[in-house]
Amino acid sequence: MNAHLLTLLITLPILAAFIVAFIPRQATGTLRTTAVVFMLVELFVSYSLLDGDYTTASYQFLEQHEWIPVLGISYKVGIDGISLWLVLLTTLLTPIALYASWLSVDTKIKEFAVAFLMLEAAMIGAFVALDLFLFYIFWELMLVPMYLIVGIWGGPERVYAAVKFFLFTLVGSLLMLIALLYVVGLYEDLTGVYSFDLEELSRVVIPYGTQIWLFGAFALAFAIKVPMFPFHTWLPDAHTQAPTGGSVILAAVMLKLGTYGFIRFAMPLFPLAAHYLGPTIAVIAVIGIIYGAYCAWVQKDVKKLVAYSSVSHLGFVMLGIFSMNIGGVEGAILQMVNHGISTGALFILVGVIYERRHTRDLDEFGGLAKVMPVYATLFVIVTMSSVGLPGTNGFIGEFMILAGTFASEALQPWPQIFVFFAATGVILAAIYMLHAVLKLFWGPLSNPKNENLEDIGTREIIAVAPLIVLVFWIGFFPGPFLEKMTPSVSNFITSFQQKLMIENQDDTARLLPGSGGSPSAVAAATARVVVPVAGDQGGEG
Amino acid sequence: MSALMPALPLLILVVGALAMMLVDAFVEEKAELALMSFWIFVVAGGASVGLWVTEQVIEVPEVMSLYLATDRMSLFFDIVICGGGAFSALLAGGYLKEHALERGEFYVLLVFTAFGAIILARSVDLLSLFIGLETMSLGAYAMAGFRRTSARSTEAALKYFLLGSFAAALLLFGSALIYGATGSTNLAAIGTAISSGEAQLHLAIMGMMLMIVGLAFKVSAVPFHMWTPDTYEGAITPATTFMSVGVKAAGFAILVRVLLVSFGDDLSANAETGWPPVIAGLAAITMIYGNFAAVGQSSVKRMLAYSSIAHAGYILVGVAAAFRAGEEAVSAVLYYLMAYTVSNALAFGSLIYMGSRGKEAVSFEDLAGVGRRHPAAAIPFVLGVLSLLGFPPTAGFFGKYYIFNAAVQAGGGFVWLAVLGVLTSAVGAYYYLRVIVYLYMKQPQAGAPVAVPMKSGYVVVALILSSYFVLRMGMAPGTYLDMAIAAAAELVA
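Taken in order, these protein sequences are the chains called A and B.
So for the first sequence, this note's numbering puts the first residue at 2; every next one is plus one.
So for the second sequence, this note's numbering puts the first residue at 4; every next one is plus one.
A portion of the hints provided could be inaccurate.
[To be verified] The list that follows gives simulated cross-link-like pairs (lysine-lysine, BS3-like), each with its CA atoms no further than 25 Å apart: (1) B/K445 / B/K362; (2) B/K445 / A/K109; (3) A/K440 / A/K305; (4) B/K445 / B/K162; (5) A/K165 / B/K362.
For the record, the hints were derived by calculation from the structure and aren't laboratory data.
Between the sequences and the hints, there should be enough to build the whole structure, so can you do that?
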C-alpha cells in the first residue's frame with residue numbers, strides 16, 4: 002500500500018473523473034457530491050503521507066518503473082519534507098475550491114468536475130515527479146484543465162484571459178524543455194546512456210557559460226508561473242476572469258509550482274548560475290513585492306486586488322528561496338502554504354459577495370459589516386493572515402523570510418537592503434488590504450442595493466472554516482510544520498553549496514560520482530577535490 | 004514467388020486496386036468500396052508488419068533490389084502510408100456518401116496513389132524515384148479535383164498539377180545533372196562516386212540542390228509551399244487527409260534517403276557546406292511562415308493546411324540534424340511522420356465528422372458551440388489539435404520532443420533551430436487553441452446555420468482508431484519508437 006501511495010494519489014482523481022464522466026448529466030446533485038466525496042477520499046488518503054520518515058532528507062514513498070527505457074525515461078515519484086506540504090495543500094484546497102464552486106457554477110457541472118479532478122491529478126503529479134520528463138508532462142497537463150476552467154466558466158473576457166494564460170505558460174515551458182534536453186544530452190555524452198532522473202542529472206557538472214543559459218530557460222518557465230515581475234501580466238487577467246474555484250486553485254496551488262520548480266529543479270541542477278544570478282533574482286523579487294503591492298492598492302476590483310497581492314506575496318517567497326539559508330528557505334516554503342491558505346480563503350470570500358451583487362467594484366460597497374457581520378469577521382481574519390499579523394500564519398512565514406534574508410550570505414554584501422525594501426512591502430500590504438476592508442465593511446451603508454444582502458451562508462462557512470483553522474494553527478504552532486521540512490531544506494542547501502564549491506573550482510563538463518545524489522555522495526566528491534567543506538551556512542531564521 | 008515477398012505490400016495494393024475497378028464496374032449496388040479499400044490497406048500494411056516481424060533474409064532478385072529497397076525503413080513507410088491510406092479510405096466512406104460524391108474511382112485512385120507513394124519511399128534509384136513520384140502525384144492531382152462541379156476543387160487540382168509538374172521537372176533536371184556528374188542513377192553508387200572523388204562535384208551539388216527543391220515542393224516547405232493552402236482547402240477533405248499524411252511521408256522518406264545515401268559524405272553533409280545548412284534554413288523559414296500564416300486563417304481547413312506546412316518545418320529540423328545526430332535524427336523523423344499521420348487523420352476526420360450534407364464544416368464559425376451540443380463529436384477534435392500542438396500525453400508531443408531532442412543532440416546551431424521550433428510551436432498553440440475556443444467557448448451567431456455532425460460508422464471508426472493511436476503513441480511510445488530506431492539504424496549504418 003505504502004509503496005504505491007503516490008501513484009494512488011495521482012490515479013484516484015483520474016479514476017474519479019472517469020466515474021463522474023459516466024454519471025448522467027441530469028443528476029446534478031449526484032455529480033456535485035460524487036466529485037467532492039472523491040476529493041475528500043483523496044484528502045484522507047493523502048493524510049497518510051505524514052507517516053513517512055521526514056527526519057531524513059531522502060525521498061519517501063519512492064516508486065520507480067521504467068517507462069521508455071531507450072530514452073532513459075522512467076516513472077519515478079517520491080516526496081520529501083518540501084513537497085509533502087505542497088501535496089497536502091493541493092489535496093486540501095481542491096475539494097474546498099470545488100465545493101465553493103458549486104455555489105456559483107451551474108452550467109455543465111459534469112465537465113467542471115472532470116476538469117477539476119484532472120487538474121488535481123496533474124498538480125499532485127507535478128509535485129511528486131522526480132523524473133524530469135514525467136514532471137514536464139504533468140506540468141503541461143495542468144494547463145489544459147485550467148485553460149478550460151477559465152475559458153468556459155469564466156467572466157466576460159474569459160477567452161482572452163485563458164489564451165493569454167496558456168500561451169505565457171507554454172512559451173516558458175517549451176524553452177525549459179529544450180534546456181532539459183540539453184542537460185540530458187550532456188549526461189549522455191558523459192555516460193553513454195540517457196536519463197531524466199533528477200538525482201542522476203544533478204550529478205552533471207555543467208560549464209558556467211552553458212549553465213547560465215540553461216538556468217535562464219528553467220528560471221523563465223518557473224518565473225512565468227510564479228509569476229515574477231515582469232512576467233506577471235497574465236495573472237490579473239486569469240484571476241479576474243476565472244470562476245471562484247479556478248482562482249482559488251490557480252493562486253493557492255498552481256503558482257506554487259513555479260516556486261517549487263526553483264527549489265526542486267532549477268537550483269539543484271544549475272547551482273553556479275543560480276548562485277551568480279541569485280542576487281539579481283532577489284532584486285526582481287523585491288521589485289515584485291513593492292510593485293505588486295502598489296498595483297493592489299489602486300485596484301477597484303477586489304479580485305484584481307487579491308491577484309496583485311499574490312504577485313507581492315510570491316515575491317517574498319522568491320526572496321526567501323534565494324536567501325539560501327535554512328530560515329529563509331523554510332520561511333519561503335511555509336509562506337507558499339500560507340499564501341495558499343489565505344489567498345484561497347480570500348478568493349472564496351470575494352466570490353461570496355460577487356454571487357450576491359455580481360460586481361466586485363469596491364466603490365459599490367461600504368458598510369457591509371452592518372448587514373453581513375459574520376462575513377465581515379471572517380474576511381477580516383483572513384485579511385490579517387494575508388497582512389501577516391502576529392498570531393496568524395502569515396506572520397511566521399514573512400518573519401522567517403525577512404530574518405533569513407537579513408542573515409543571508411548569498412545576498413552579500415548588503416542583505417539588509419533587501420530586508421528594508423521587502424519590509425516596505427509588508428507595510429504596503431497592510432495599507433492595501435485594510436483599504437479594501439475599509440471600503441467594503443466600514444463607513445455608512447450608502448448603497449441601497451447592499452441593504453438587504455444576506456449574510457454568509459452555512460455552506461460558504463464550511464468551505465472557509467478549515468482554512469481559518471489553519472491560519473491560527475500555523476500561526477501558533479508552526480513547529481511541527483517546520484520540523485518536517487528541516488532535513489530536506491538543510492540537505493537542499495548543503496548539496497547546493499557543495500556542488501557550487503566544486504563547480505567554482507573547476508567547471509569542466511563531467512559527472513560527479515555517487516549514486517542517488519545523497520548528500521554524503523556529493524560530500525565525498527568535495528573531499529576528493531580537496532576543498533574544505535563549507536561551514537555553517539547562514540544563521541537560524 | 005518467395006523472391007517477390009519483400010514487394011508483397013505493393014502487389015497487394017496494385018491487385019486490390021485492379022480488383023476494385025472491376026467491382027466498381029460490375030457490381031450494381033455500389034459495393035462498400037470504402038470498406039474494401041480500407042481492408043486492402045490493412046492487409047498491405049499487415050504484410051509489411053509481417054515482413055518486419057519474420058525478419059527473413061530473402062534473396063531479392065537484382066532486377067528489384069537495384070530499384071526498390073527492401074530494408075526496414077521501407078517497411079516502416081509501407082506501414083505509415085498504408086495507415087494514412089486506411090484512415091483516408093474510412094473518412095472518404097463517410098464524406099463521399101454524405102456529400103453525394105460517391106463514385107468508386109476515388110478509392111481506386113487512393114490505392115494507386117498510395118502505391119506510388121510506397122514506390123517513392125522505397126526507391127533506391129533515380130529512375131524508380133521518378134516513376135514513384137509521378138504515379139503518386141497523378142493520383143493525388145485527380146483526387147484533389149474529385150469534386151468536378153466545384154470551381155475551388157478544380158482550381159486546387161490545377162494549381163497542384165501545374166506547380167507539381169514544375170517541381171517534377173526540376174527534380175528530373177537535378178537527376179540528369181547527378182547522372183552526368185556521377186555516371187550512375189543508383190543512389191548508393193552515386194554516394195560512392197561522390198565520396199571516392201570520381202564525380203564532378205560542382206555538377207553533383209547543383210543536381211542535389213535541384214532535387215531538394217523538387218522534393219521540397221512535395222513536402223510543402225516554404226518557399227515552395229504556394230500550392231498547399233489552396234489545394235488543401237479546395238480538395239475534398241479525405242483527399243487532403245491523404246495528401247497531408249501519405250504523400251508528405253513519402254516525400255520525406257525519399258528526401259532522407261537521397262540525402263543520407265547519396266550525399267552522406269563529409270563534404271556534402273557538414274555544418275557549413277552541403278545540404279544541412281540548406282535544410283536547416285528551409286526548416287527555419289517553414290516553421291516561421293507556416294505558423295504565423297496559420298494564425299490569421301478563418302477557415303479551419305486552411306488553418307490545417309498551414310499547420311501542415313509548419314509541421315513540415317519541424318520534420319525538416321530532424322532531417323537537417325541527421326548529418327550529425329544520425330540514427331537519432333532519422334528515427335525522430337520517422338517517428339514524427341507516424342505521429343503526424345495519426346494526429347492529422349484525427350484532426351481532419353473530426354472536421355469531416357462535424358459537417359453533414361449541404362453543410363460542410365469549414366470555418367471556425369461552423370464549429371461554434373459544437374462542444375456543448377455534441378460533446379462526443381468535439382472530444383476527438385480536441386485530442387487531435389492537442390496532438391498537433393504537441394501537448395502531452397499525445398503522439399504529437401512525443402514526436403516533437405524527439406525531433407527537438409535530435410536537434411539539441413546535434414549541437415551547434417541546431418540548438419537554436421530547436422529553440423526556434425519551440426517558439427513557433429507556441430505561436431501554433433494560438434491557432435490550435437482557437438479550435439477549442441470555438442468548440443467550447445463560443446456560441447453560433449444568431450441565425451447562422453448550426454453544424455450537425457454526420458452519421459457515419461466509417462468516420463466514427465476512423466476517429467476511434469486514430470484517437471487510440473494518438474494516445475497510445477503518446478503514453479507508451481516504446482514499440483513505435485523501437486521500430487523507428489530499428490528502421491533508422493539500417494539506413495544510417
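Results of checking the hints against the structure:
1. B/K445 / B/K362: 19 Å, holds
2. B/K445 / A/K109: 14 Å, holds
3. A/K440 / A/K305: 15 Å, holds
4. B/K445 / B/K162: At roughly 35 Å apart (the allowed maximum being 25 Å), B/K162 and B/K445 break the hint.
5. A/K165 / B/K362: Violated, at about 33 Å.
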